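Protein chains in written order, with my numbering: chain R, 1 to 262; chain D, 1 to 268.
Facing chain R, a subset of chain D residues (Cβ under 8 Å, in silico):
hint: 1; residue: Y16
hint: 2; residue: L17
hint: 3; residue: L91
hint: 4; residue: L98
If you are wondering where the hints come from, they were derived from the structure by calculation, not from laboratory data. Predicted, not measured: the structure shown is a model, and the values here were computed from it. From the three backbone atoms N, C-alpha and C, an ideal C-beta is built for every residue, glycine too.
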Amino acid sequence: MMTKQSGPLRAPSTEKVLSLANLCKAYGDAVAVDGVSFDVERNEIVGLLGPNGAGKTTIINMVLGILEPSAGTIHIEGVDIATHRGPALERTNFTAVYAPLPGNLTAYQNLRFFGLLYGVSNLSGRIDELLRQFEIERFRNTKCGVLSSGEQTRASLAKAMLNQPHLLLLDEPTASLDPASARDVRTKMCEFAAQEAVGVLWTSHNMVEVEKVCDRVLFLSHGKILLEGDPKTLPREYGKETLEDLFITVAREPLTLEGNGA
Amino acid sequence: MKHLSRIAAILLRQFYLIRGSPARLLPLFVWAAVDIVLWGFITRYLNAITPSGLNFVPSLLGAVLFWDFFTRVMYGVTTTFLEDVWSRNFLNLFATPLSISEYLSGLVLSSIATSSIGLVVMLVLATVAFGLSFFVYGLMLIPFLFVLFLFGIALGVLACALVLRYGPAAEWFVWPIPAVLSPFAAVFYPLSTLPKWMQCVAHLLPPSYVFESMRSILAGNPVSGTGLLWSGSLALLYILLTAWFFTRIYRHAVRTGLIARYSAETLS
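Generate coordinates for the entire structure from the input sequences, incorporating the hints supplied.
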């Protein structure tokens, strides 16, 4: 059963872990992200949704400091990533299906390598804890390249948790998982978001998953935020039955939604 | 402390990779050893057929050893960098708090560790098998190695910057660099042998001063301290310039999105 909860465990805090202000990214004449502004608060899971090419991964790359915005600012817990990249990234981590851990290192070696890069204290204990938590203890000394995609995803998630990030970016974290493993991952992430002082930015094309885990969703289209709201009520606000119907409308007929919000 | 931890991460990763892979361990010393054996026999043969009784071992075999050391230092930097290229690790790596200066420091430390292995193997082989005595160079051995080390680091960083800029296929830039430079560096012959324009290039290459000094010692002539000092300064300058160049290339890659889509090779 999913653990998304209301009440004290998920009591939202007003502290912002991520603030994007008027963020833009253009490649020549092609605009990938066009004036995007939003916040992610502590203990909040925000879904970043949109069709392929909408600008989700571009935004995540800019938050991770591996892509420079053309304009706008990114603050992680109030720290400007443009001027204080190191301190901002110390409190951030991510996992993405297109960024697997190096396959020529074992799960343990990868976690030690990245643990040192993130300056994790009591690293050995933290690695043991994460190997146990993500049920990859038996792959401790197995090279990540020979793990199944589900096991690799769990190893990547363990890496994403190493530094107990305050901002966690999950780019399609369950894309390569079977339904049972995907549910386990969702449960773990929800528990993590609830118990730690963390904000999560989650992208997914699985609308059922988004509805289960996200407190709030942002629909992107052509680099702009088209819609924003509670995934449970947003579809009805726009006359749609499900979040998936709304997604399809955003992907195919975004103009019909502009300015029609409830 | 965190700076050291991040630099140590690069070193540790390289240790893990080398420890678990003969394909990485053997090149640290095998090619250098092959060079020493090959040139060891060539010098023996030259010694045998030269009526003057001239000993080619310290001039030719010593030069081979110094040049191979420089090459190992350069490759030590580039192979550590290439590990991130081969494992498509840029996204994970550069999304951490690791700074460029920490990354480059890690590459340099890794090179020190790997090139030292090659140097020890070459020294033992050249001394034991072919009677090369390093006492003939005296204390000058230390600045010789130091200058070659610095220049190897500088060229290694330059090669990394080129691969970062032009994508994984630009790896071929890396391997021939020492071979391209060797004629200009006057490894085996006096600088005066070269035509004027090549001498001008040689004066910009720190190794040329090392090899000229080495030959001066063997000929019983004094070594130009100014020349060696100049070569050391030149090598240091190259390190600063190439580190600046690498940073510029990295920033360009972050600005254009090349880091995030490195396999595309170029986005321009």
